[in-house]
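Chains as they are written, first to last, in UniProt numbering: chain A, 1 to 165; chain B, 1 to 165; chain C, 1 to 165.
The reader is advised that the hints may include incorrect statements.
What the hints assert, rightly or not - Simulated coverage check for chain B against chain C, where a stretch passes if three residues somewhere in it have a Cβ under 8 Å from a Cβ of chain C:
1. 9–17
2. 146–160
As the list claims (entries may be wrong) - Reference listing, derived: stretches of chain C covered by chain B, where coverage requires no fewer than 3 residues with Cβ under 8 Å from a Cβ of chain B:
3. 3–10
4. 23–35
5. 113–125
6. 129–139
Don't read these hints as lab results, they were simulated from the structure. Keep in mind the model is a prediction, meaning the values are calculated, not measured. Even glycine gets a Cβ: it sits at the ideal position worked out from N, Cα and C.
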Amino acid sequence: MITLITGGVKSGKSSFALKLSENFKKKAFIATGVAFDEEMKKRIEKHKQERIGFDTFEEPIEVYKIIESLNQKYEVAILDCLTTYLGNLYYYEKDIEYYTKKLIDSLKRVNYNLIIVTNEVGWGIIPENKLSRKYVDNLGLLNKKVASLSDNVYLMVSGIGVKIK
Amino acid sequence: MITLITGGVKSGKSSFALKLSENFKKKAFIATGVAFDEEMKKRIEKHKQERIGFDTFEEPIEVYKIIESLNQKYEVAILDCLTTYLGNLYYYEKDIEYYTKKLIDSLKRVNYNLIIVTNEVGWGIIPENKLSRKYVDNLGLLNKKVASLSDNVYLMVSGIGVKIK
Amino acid sequence: MITLITGGVKSGKSSFALKLSENFKKKAFIATGVAFDEEMKKRIEKHKQERIGFDTFEEPIEVYKIIESLNQKYEVAILDCLTTYLGNLYYYEKDIEYYTKKLIDSLKRVNYNLIIVTNEVGWGIIPENKLSRKYVDNLGLLNKKVASLSDNVYLMVSGIGVKIK
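From just these sequences and the hints, can you work out the full model?
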């Protein structure tokens, strides 16, 4: 079963994901974040401290392999988050289409409770920067694909999980 | 009957509009997009290929005239989109108030199923650029007016149409 | 009872707050806006003209004192808005944590109907400017805290108040 949690910055997405995973026993956490600078290092450390009882898998690119490797082994896993994952693909100049397809394929074979965190990033003025525009488009497309494969979708608003699917 | 579909970039607004119009026979498509550059040309071409069975009316400015001209002639029409339309008014330095009023007036006389697509653009940090701020304000005001005249309003989130009116 | 109204720019937040306060008698309005320039001066004046029958309290920083001073004296008060309030704390280089805590504490003691207006600002691309990023984070955190203390939370979309709590 796949659950997608989407929303704006600091809307409570990760906390909500942790809450949804509370009553499971064998738990995994797929962290896509790579610390490029001090600011991110702090964010990542803070997040780590917030989760107890999880086996953590840090993977910026080959996320689909982790998703597949957890089959039969875990009851629940949190993938946090698609936003950073797509950013990594851009940063390391990877083939977006290839990796997106691989990720989507892996989702179709998931047999545990996978909770995926992503962001809404296209509700502002269109960015002047072409790369940012591309990124916004691609995250929107990815979110749509993942949402269509998800059993539950929550939109987070000010810490409130609004069930929209 | 008027239906408004709003949401962020790549949230599935246009696809949802096409889906809502599926079971009608006599269909029109009011395209407000003007290709200023290659990027937009590609977007417009892609959109055109996605719709079959529509009579297309391309109009960047005098949209209200098209809306009125479809009365008695079509079962359903999609207006895609208010975002681009307002952008056109800015680009061609038209009187925003005049054209907004004309558009709103034309909506009051619609006797077919008009499906209007727009964007949410004011959910980010306030733009530094004054023109962008004005645009965000004016699109918000226009969306409110159109929503108040609409029978149905959907908020698109990751491809999911959330009915909010 | 606390009601939080959140949403994007020009989504109808303030009008909705005024509507919710309609049927009360002793009304207060806590205005956090300070006119830094002509543009803001006009916005503030426009807002003032829209509300009749309110005692207005203008306070950019010590908002928690106003909130507390209204206990036992008013049936309803509108606090408009957290967005500007947090901006003031940045502008006057105040201790964000201190004032946020004071505000939250004052909310716990409210015994009238307090309607709080705020903004969603984290649904766009992450701002390049570090201060803006911090602001987005802090407003998100503040909104979550206030929402968790609120009895009712509305998300405004194109003038429509969507009840999410």
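Going down the list of hints, with the structure as the test:
Counting residues of the segment 9–17 of chain B whose C-beta sits closer than 8 Å to any C-beta of chain C gives 0, which falls short of three, so the coverage hint is violated. Requiring three or more residues with a Cβ within less than 8 Å of a Cβ of chain C, the coverage given for the segment 146–160 of chain B holds, as 5 such residues are present. Counting residues of the segment 3–10 of chain C whose beta-carbon sits less than 8 Å from any beta-carbon of chain B gives 4, enough to reach three: the coverage restraint holds. With 0 residues carrying a beta carbon less than 8 Å from a beta carbon of chain B, the segment 23–35 of chain C misses the three-residue requirement, and the given coverage is violated.
Chain B is given as covering the segment 113–125 of chain C, and this holds because 6 residues of the stretch bring a CB closer than 8 Å to a CB of that chain, at least three being needed. A count of 3 residues in the segment 129–139 of chain C with a Cβ less than 8 Å from any Cβ of chain B is obtained; the coverage claim is therefore met, three being the minimum.
Violated hints for the displayed structure, listed by number in ascending order: 1, 4.
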